[in-house]
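Enquirer: Please arrange chain B with the ligands on chain A, whose structure you already have, making use of the hints.
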Amino acid sequence: MRPLHIRNSKGRRLSLDPSTVPAIELVGIDKKFGPVHANKNINLGVAKGTIHGIIGENGAGKSTLMSILYGFYQADQGEIRIGGRPTVIRDSQAAIAAGIGMVHQHFMLVENFTVIENITLGVEGGPLLGQSVDRARVELQRLEKEYGLEVDPDAVIEELPVGAQQRVEILKALYRGAEILILDEPTGALTPAEADHLFNVLRILRDQGKTIILITHKLREIMAITDTVSVMRRGEMVATRATAETTVEELAELMVGRRVLLRVEKGEANPGAVLLSVTNLTVKDSRGVTMVDNVSFEVKAGEIVGIAGVAGNGQSELLEAIAGIRKPTSGEILIDGQPVAGLDASRRRDLGLAHIPEDRHHMGLVLKFEEYENSILGYHRDPKYGRGALLDLDAIRADAEEKIAKYDIRPPNPRLKTANFSGGNQQKIVVAREIERDPKLLIVGQPTRGVDVGAIEFIHRRIIETRDAGKAVLLVSVELDEVRSLSDRILVMFAGRIVGEKTSDAGEQTLGLMMAGIAA
Amino acid sequence: MTTASVPLPNWISYGLIPLLNLMLAFFFSGLVVWAIGENPLKALNFLIQGSLGRGDAIGFTLFYTTSFIFTGLSVAVAFHAGLFNIGSEGQAYVGGLGAALAALALDHYVPWYVTMPFAIAGAAIFGAAWALIPAWLQAKRGSHVVITTIMFNFIGAALMVYLLVNVFIVPGKMAPETRTFLPGGQLPKLDWLMGLFGLDQGPAPFNVSFLIALVMCYLVWLLIWRTKLGYEMRTLGISPSAAIYAGVPYVRTVIIAMLISGGLAGMMALNAVNGAAARLQVEFVAGAGFVGIAVSLMGRSHPVGIILAAFLFGILYQGGADLSFEMPSITRDMIVVIQGLVILFAGALEYMLRPTVVRIYQQFVKA
Ligand SMILES: Nc1ncnc2c1ncn2[C@@H]1O[C@H](COP(=O)(O)OP(=O)(O)OP(=O)(O)O)[C@@H](O)[C@H]1O
Ligand SMILES: [Mg+2]
Chain A
1 MRPLHIRNSK
11 GRRLSLDPST
21 VPAIELVGID
31 KKFGPVHANK
41 NINLGVAKGT
51 IHGIIGENGA
61 GKSTLMSILY
71 GFYQADQGEI
81 RIGGRPTVIR
91 DSQAAIAAGI
101 GMVHQHFMLV
111 ENFTVIENIT
121 LGVEGGPLLG
131 QSVDRARVEL
141 QRLEKEYGLE
151 VDPDAVIEEL
161 PVGAQQRVEI
171 LKALYRGAEI
181 LILDEPTGAL
191 TPAEADHLFN
201 VLRILRDQGK
211 TIILITHKLR
221 EIMAITDTVS
231 VMRRGEMVAT
241 RATAETTVEE
251 LAELMVGRRV
261 LLRVEKGEAN
271 PGAVLLSVTN
281 LTVKDSRGVT
291 MVDNVSFEVK
301 AGEIVGIAGV
311 AGNGQSELLE
321 AIAGIRKPTS
331 GEILIDGQPV
341 AGLDASRRRD
351 LGLAHIPEDR
361 HHMGLVLKFE
371 EYENSILGYH
381 RDPKYGRGAL
391 LDLDAIRADA
401 EEKIAKYDIR
411 PPNPRLKTAN
421 FSGGNQQKIV
431 VAREIERDPK
441 LLIVGQPTRG
451 VDVGAIEFIH
461 RRIIETRDAG
471 KAVLLVSVEL
481 DEVRSLSDRI
491 LVMFAGRIVG
501 EKTSDAGEQT
511 LGLMMAGIAA
Chain B
521 MTTASVPLPN
531 WISYGLIPLL
541 NLMLAFFFSG
551 LVVWAIGENP
561 LKALNFLIQG
571 SLGRGDAIGF
581 TLFYTTSFIF
591 TGLSVAVAFH
601 AGLFNIGSEG
611 QAYVGGLGAA
621 LAALALDHYV
631 PWYVTMPFAI
641 AGAAIFGAAW
651 ALIPAWLQAK
661 RGSHVVITTI
671 MFNFIGAALM
681 VYLLVNVFIV
691 PGKMAPETRT
701 FLPGGQLPKL
711 DWLMGLFGLD
721 QGPAPFNVSF
731 LIALVMCYLV
741 WLLIWRTKLG
751 YEMRTLGISP
761 SAAIYAGVPY
771 VRTVIIAMLI
781 SGGLAGMMAL
791 NAVNGAAARL
801 QVEFVAGAGF
811 VGIAVSLMGR
821 SHPVGIILAA
831 FLFGILYQGG
841 ADLSFEMPSI
851 TRDMIVVIQG
861 LVILFAGALE
871 YMLRPTVVRI
881 YQQFVKA
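Line by line, the protein sequences are chains A and B. Those letters in the first sequence? Residues 1 to 520, by my numbering. Those letters in the second sequence? Residues 521 to 887, by my numbering.
Chain A extracted, bound-state conformation:
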């Protein structure tokens, strides 16, 4: 066969690509995990120099398909063609050799290494680190300039904001010669500005001839940036469209198989007694930086109070302080009238608190546990789950199965290891556990991160029902739309302070300026 690629002296690819051959072609890809048929006979072609979106419900098989392309899993059947040539991708090294790079949802960076160390890691190309770092620096500057991917090469990863860490992941892939870039839910943890920045980078990459596959649950993003889009449902590829010829409504319907309400419908709030009261609260992070600065507010029964703000302005620390995870330096928190200073998370749950944490992987779930074990995390001392010292596994599993059915968690198997659920289904496990406790006060961080449109609709409805049942809800989300559509009152946080309060009909503009610390 005629070689489609040659390599130059630096080992980088030069394409001699006739644009008629798709950059990537998946033919009849099939993958089962035991009884779960994650990918059913998938066919997909992506033209070179385009951005292709893949959407689908939670557990539809998107990440699995990309993992097969990246050599993380082996398909049971089917063929991968790169540039028209059948290619066996055994592992990530083979994927990299075939010019495929992947930006994982959970970054694969060494936290306490610098940017340049992370980028050269594993491709040092010689025994002397100094030399290869110098070489890398030159190459990196070129890549940064070419694609608008600015990051400080000497910054330590853990001190960089999420958006910058992601740029490092992209640089890492490009540095290894990637021609095809896979991004699995890249905007989940990004602020809107960071997401815009990412999309600019992706556009430049595309215009330079790179091929990009983008998985996201945000249909807005699909419409804004992709050239073509495919829809997966229950392991099958059910449709492919040119983005210009489709609409958000059509895509949502293709994904879920029914019409989806993309708006939240809720009635008037009916505020009652104060269930959460925060007074002059100040919280410092582990480095001693003040993250929450003398904040006071109340949340009443029967209302949803949303906190809007750009990520990193103290919302996370505020939630953690209320939940009993982080100790405040000063101030008072009352839950249902009771001071909670000195109570740990489980004592606060006893007072009627439920908490959907922002970070499900570090807090909300123990990924190595089976699903049913996570369905009681934090509530395991409840006599309902076993009297005395013992756990009543039958009761716990029955309870877990009920929640699985109610929240449509897939696959409906309480014995499956939590890590083997898809991202969105993991989120549903947490949401189900916390909302089904019927708490007095529900505090929620990023409730719909990584969740598909159908499930967003469902989770939003459950949060509103919680409010209507006379509970108090405190909501933190970086999705301004989500805050605006769910909240009865909106507090805007900037630099650790609450800089203003608005009603839910406040305009995006107004809120945006407040979030940037410009107007009050």
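Simulated from the structure, these hints should not be mistaken for lab results. One should not assume that every hint holds.
Stated by the list, open to error - Lysine-lysine pairs mimicking DSSO-like chemistry, simulated, CA-CA at most 30 Å apart:
| no. | chain 1 | residue 1 | chain 2 | residue 2 |
| --- | --- | --- | --- | --- |
| 1 | B | LYS660 | A | LYS327 |
| 2 | A | LYS384 | B | LYS748 |
| 3 | A | LYS284 | B | LYS660 |
| 4 | B | LYS748 | A | LYS406 |
| 5 | A | LYS327 | B | LYS748 |
| 6 | B | LYS709 | A | LYS368 |
To be verified - The following label-pair restraints were derived from C-beta to C-beta distances:
| no. | chain 1 | residue 1 | chain 2 | residue 2 | range |
| --- | --- | --- | --- | --- | --- |
| 7 | A | ASP408 | B | ILE675 | 36 to 46 Å |
| 8 | B | SER533 | A | ARG259 | 54 to 64 Å |
| 9 | A | ASN280 | B | GLY662 | 45 to 55 Å |
To be verified - Only part of the chain B face toward chain A is listed, based on derived beta-carbon distances under 7 Å:
| no. | residue |
| --- | --- |
| 10 | PRO529 |
| 11 | GLY573 |
| 12 | ARG699 |
| 13 | THR700 |
| 14 | ARG746 |
| 15 | THR747 |
| 16 | TYR751 |
| 17 | THR755 |
| 18 | TYR765 |
| 19 | VAL771 |
| 20 | GLN882 |
In this text, a Cβ means the ideal position worked out from N, Cα and C, and glycines have one as well.
Expert: The following block gives chain B with the ligands in isolation, referenced to the frame of chain A:
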């Protein structure tokens, strides 16, 4: 990263891979034996015969197995809570004090089965007490248990020698040991159990503490997988941040886990002190605490795995002693080398073969 998360069926993870590891260990041990000019197959034969070939050989093998089950469980319980207890050796040693005190106090007056619960309690309480300070330092001050438990091994050893030489020694005798317990302070041998299989254990010290060890295996299983405390320990061990979120009390959980771990280590003394020697001697633990680390590692911190791994090390201990007797050019030190190879392959290099096995397995299921 590429194959680590590929799920494998249990019979491969827990059956085939450990077996392959073991075969590799024996292969390299064979090379060592061959290098010093002996016949590896003959050596293997001596090893097997010496540990499993006769009634008394089996009795000794099971005696060692019993000690290793206790210390293996000890390491495993701490491990589930995310703690690496290197101090089982010292906790077992001090546990011997509790076991001996019970025997010395009661053996004149009551039969063994009345003394037994007191000996168990004494061994467990003293062993747990020896884990308390490292536990407290870890929980409250963040001083790493790995460091503090190692230090406590040395302190424990010094303390025990002091007590045996200055307090418990029988007047007029040279050996630093207590008086011999009367039958009322001993744990009887399990001749009847061996008899069921038509075996005669002869002088081998295989005794009732083996049954106690099996009961503890069940209780540890119950603790880890069926109790709320075990659930909290596992949460803390796997994900400290999720434990904070769930309100698992860190200080309490760490201290309790370490106390249970120390108690289990202490109970190893039942086997050596009340069962075998019928007196408390210096250095009776003889490394069983450290073997416990390997046993727990190899047994994947699961009681069933621990029983199997303890049995394997029992074979190596007993068969190894016999082997160095039969083949004088294979010294005690060579046996330690072979044990080291087993630990290396079965424990530390657990994941070495995994990627290859995953690859073959994937080829296989595809076909
Ligand atoms: N290692 C595994 N073992 C067993 N089942 C798995 C494994 N990995 C994925 N699955 C299952 O395969 C199905 C597809 O999962 P996948 O992660 O591809 O979904 P997804 O489309 O990426 O969903 P999401 O939008 O929620 O991220 C799910 O039902 C999931 O539970
Ligand atoms: Mg996914």
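Enquirer: For each hint, tell me whether it holds in the structure or not.
Expert: For each hint, the structure was consulted:
no. : hint                                : result
1   : LYS660(B) <-> LYS327(A)             : holds, 16 Å
2   : LYS384(A) <-> LYS748(B)             : holds, 12 Å
3   : LYS284(A) <-> LYS660(B)             : holds, 21 Å
4   : LYS748(B) <-> LYS406(A)             : holds, 26 Å
5   : LYS327(A) <-> LYS748(B)             : holds, 26 Å
6   : LYS709(B) <-> LYS368(A)             : violated, 42 Å
7   : ASP408(A) <-> ILE675(B): 36 to 46 Å : violated, 58 Å
8   : SER533(B) <-> ARG259(A): 54 to 64 Å : violated, 46 Å
9   : ASN280(A) <-> GLY662(B): 45 to 55 Å : violated, 30 Å
10  : PRO529                              : violated, 10 Å
11  : GLY573                              : violated, 42 Å
12  : ARG699                              : violated, 40 Å
13  : THR700                              : violated, 40 Å
14  : ARG746                              : holds, 6 Å
15  : THR747                              : holds, 5 Å
16  : TYR751                              : holds, 5 Å
17  : THR755                              : holds, 6 Å
18  : TYR765                              : holds, 4 Å
19  : VAL771                              : violated, 11 Å
20  : GLN882                              : holds, 5 Å
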